[in-house]
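Undergrad: Take the sequences, apply the hints, and build the full model.
Residue strings, one per chain:
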Amino acid sequence: MTDSPALALDGLRRSFGALTAVNGVTLSVAPRERRAIIGPNGAGKTTLFNLITGHLAPTAGRILFEGAPVAGLPPHAVARRGISRSFQRTNVFPRLPVRENLRLAAAARGRGSYRMLGSVGRLWVPIERARGAAEAVGLTDRLDVPAGALSYGEQRQLEIGIALATDPKLLLLDEPTAGMSPEETHRMTSLLAGLPRAITLLIIEHDMDVVFTLADRITVLHYGEVLAEGTAAEVRADPRVYEVYLGGE
Amino acid sequence: MRRTPTLRVWGFAVLLLAVLVFPAAFGRYPVKLLQEILIWGLYAMSLDLLMGYAGMVSFGHSAFFGVGGYVAGLALTAHPGPVGALLLPALAGALAALVIGVFSTRVSGVYFIMLTLAFSQMLYAYAFQASWLGAEDGITGVPRPALFGVPTGEGFAFHVYVVTIAAGAVLFLWRVVRSPFGHVLIGIRENEGRMEAVGYPVRRYKLLAFVLGGTLAGLAGSLYAQFSGSITPDALFWKTSGEALLMVILGGTGTLGGAVLGAAAFILLQSLVSTYTERWMLILGVTFVLFVLFAPGGIVGALRGRIGLRA
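Going line by line, the protein sequences match chains A and B. Each residue of the first sequence is one higher than the one before, counting from 1 in this note's numbering. Each residue of the second sequence is one higher than the one before, counting from 1 in this note's numbering.
Since the hints were derived computationally from the structure, they do not count as laboratory data. Warning: the hint list may mix true and false statements.
Unchecked claim - So the derived label-pair ranges between C-beta atoms look like this:
1) 296/B - 209/A: 44 to 52 Å
2) 95/A - 270/B: 28 to 36 Å
3) 94/A - 228/B: 24 to 32 Å
4) 41/A - 171/B: 29 to 37 Å
5) 95/A - 150/B: 46 to 54 Å
6) 155/B - 110/A: 32 to 40 Å
7) 95/A - 15/B: 26 to 34 Å
8) 117/A - 229/B: 32 to 40 Å
9) 62/A - 305/B: 50 to 58 Å
10) 116/A - 83/B: 19 to 27 Å
To be verified - Computed from the model, here is a short list of chain A residues facing chain B with C-beta under 10 Å:
11) 107
12) 110
13) 120
14) 165
15) 169
16) 178
17) 180
18) 182
For each residue, glycine too, the CB sits at the ideal point set by N, CA and C.
TA: Have a look at this one:
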């Protein structure tokens, strides 16, 4: 494998008026790596995701995905490059069945979706990929249920499933276990651990058990800046991290 | 419970046949009403594609109806053939929708409503002044075209012609809303942000839907000009947009068939009630309020609830 990173952020900055949410973040994520982003509320974690996925334009800095700049591209174009994300607040299609939630995501990249007269059932690739995503997030038995009728935990699973169905190379997960019960969190953690290793993962997460289980490396954000970065053991041993974040647990 | 496609196809075939042979059993006035329902039904369906499937509530759909009507008026006066009756008005509707859509699809919600309204009112204001379009009198004496060497004229031929176009549009739209493209529109209606995030260029899809709706509305406007023999600035006025909205909501948003039922309800109320009282608008208003309050799914929604049918 080459050493060129899957994702490289270089001096990334984003200000909202006087507030600088992300202040000169430079980091690099290797292909197949699983990286957790942790930090107290307001550290700029979600803003960082919004910058990477094109939901926000950076004030300054560069974003390179597989060596190519993606900063400033609209979200759909970023997604088409192979970057997919799940949202902190569940963001599914509540009135559509689980099957269609996943199929829509799976069909996003092909050109087949412009066909005005063809039948949806004949486009096999998205249907197969949707089935694969349903399996990966454990919703195979719930395919015909409207997403809005799923339990909260299942909706969170679907949230991941939609991101996964786009067949991403880089998957950004924004607090996948937010609001979950301990059992649901446990299920979600093993589900995430079982994702294909070929997908590079970037996870924002508050639950340190989840972080230590999943992440190869951890980046700690504090006031929009990288405070520390390293393996779980390194980060745990860092007194500054303990002071601003872990100590508060 | 699910209706089987075969039942749906048979239902459509029987209805189509009934509509076709309608003139054999009824006099001139009911036939005219039926044709009016078909034309306005086509127009309302073209709006339902935007409203009910893509979630784009347009308050300027009259622009395309009117443009189609005016282009047909000019083209048919010059040469009463299929090009002026169908091709040019449809293209004009598409082009108008493309231009208006490029600006309007940048925004959504109330801003989309206001922009589309503003564009259609600009066209109205222009047509009202333009002497080459007959100003406030519009274009009168629009001839009905000859198709395949057959003059459509007054009688059965014109009826068959209108029924054919309307039925063709219904079949076309049925296919479109079930196609991959139609499913994308429904996804946009349900959660536009998520569609964008998984990789759909949402604006492009909305623009395509808008152009498709404009094309069919242009066709409807052309049929209306042929039907009534004239086209006036009223066709472009916001009331024409409002009536389509009313028809769609009354019939049931996002059902296509509902748009035709809504058009039927609207036109029948208008013509039947207006023979008894001049206050037909009041009756229509009350009907509309009752529907929105007690049957928000419109006529189709109410029928489905009653007999347990689902689309």
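Undergrad: Starting from the range 26 to 34 Å, see whether the pair residue 95/A and residue 15/B falls in it by beta-carbon distance.
TA: holds, 29 Å
Undergrad: Does the hinted range 24 to 32 Å hold for residue 94/A and residue 228/B at CB?
TA: With a Cβ separation near 44 Å, residue 94/A and residue 228/B fall outside 24 to 32 Å, so the hint is violated.
Undergrad: Quick check: does the Cβ-Cβ distance between residue 155/B and residue 110/A fall within 32 to 40 Å?
TA: violated, 50 Å
Undergrad: Grab the minimum C-beta distance from residue 107/A to chain B and call the hint holds if it beats 10 Å, violated otherwise.
TA: Nearest chain B Cβ about 7 Å off; hint holds.
Undergrad: Just tell me: holds or violated, for the beta carbon distance of residue 41/A and residue 171/B against 29 to 37 Å?
TA: violated, 55 Å
Undergrad: Should the interface hint for residue 178/A be scored as holding, given a Cβ-Cβ cut-off of 10 Å against chain B?
TA: At 17 Å from the nearest chain B Cβ, residue 178/A fails the 10 Å test, so the hint is violated.
Undergrad: May I ask you to test the interface hint for residue 180/A with respect to chain B, counting a Cβ-Cβ separation under 10 Å as satisfied?
TA: Violated, because the Cβ-Cβ distance from residue 180/A to chain B comes to roughly 20 Å (cut-off 10 Å).
Undergrad: So does residue 95/A sit 46 to 54 Å from residue 150/B, Cβ to Cβ?
TA: Hint holds: Cβ distance 47 Å, inside 46 to 54 Å.
Undergrad: Holds or violated: the hint that residue 110/A contacts chain B, with Cβ atoms closer than 10 Å.
TA: holds, 9 Å
Undergrad: Does the interface hint hold: is residue 169/A within less than 10 Å of chain B, judged Cβ to Cβ?
TA: Status violated, d = 13 Å.
Undergrad: Against the range 32 to 40 Å, how does the distance between the Cβ atoms of residue 117/A and residue 229/B compare: consistent or not?
TA: Because 34 Å falls inside the window, the suggested range holds.
Undergrad: That 44 to 52 Å hint for residue 296/B and residue 209/A (C-beta), does it hold up?
TA: Once the Cβ atoms are compared, 46 Å apart, the range 44 to 52 Å for residue 209/A and residue 296/B holds.
Of the numbered hints stated above, those contradicted by the structure are hints 3, 4, 6, 15, 16, 17, 18, listed in ascending order.
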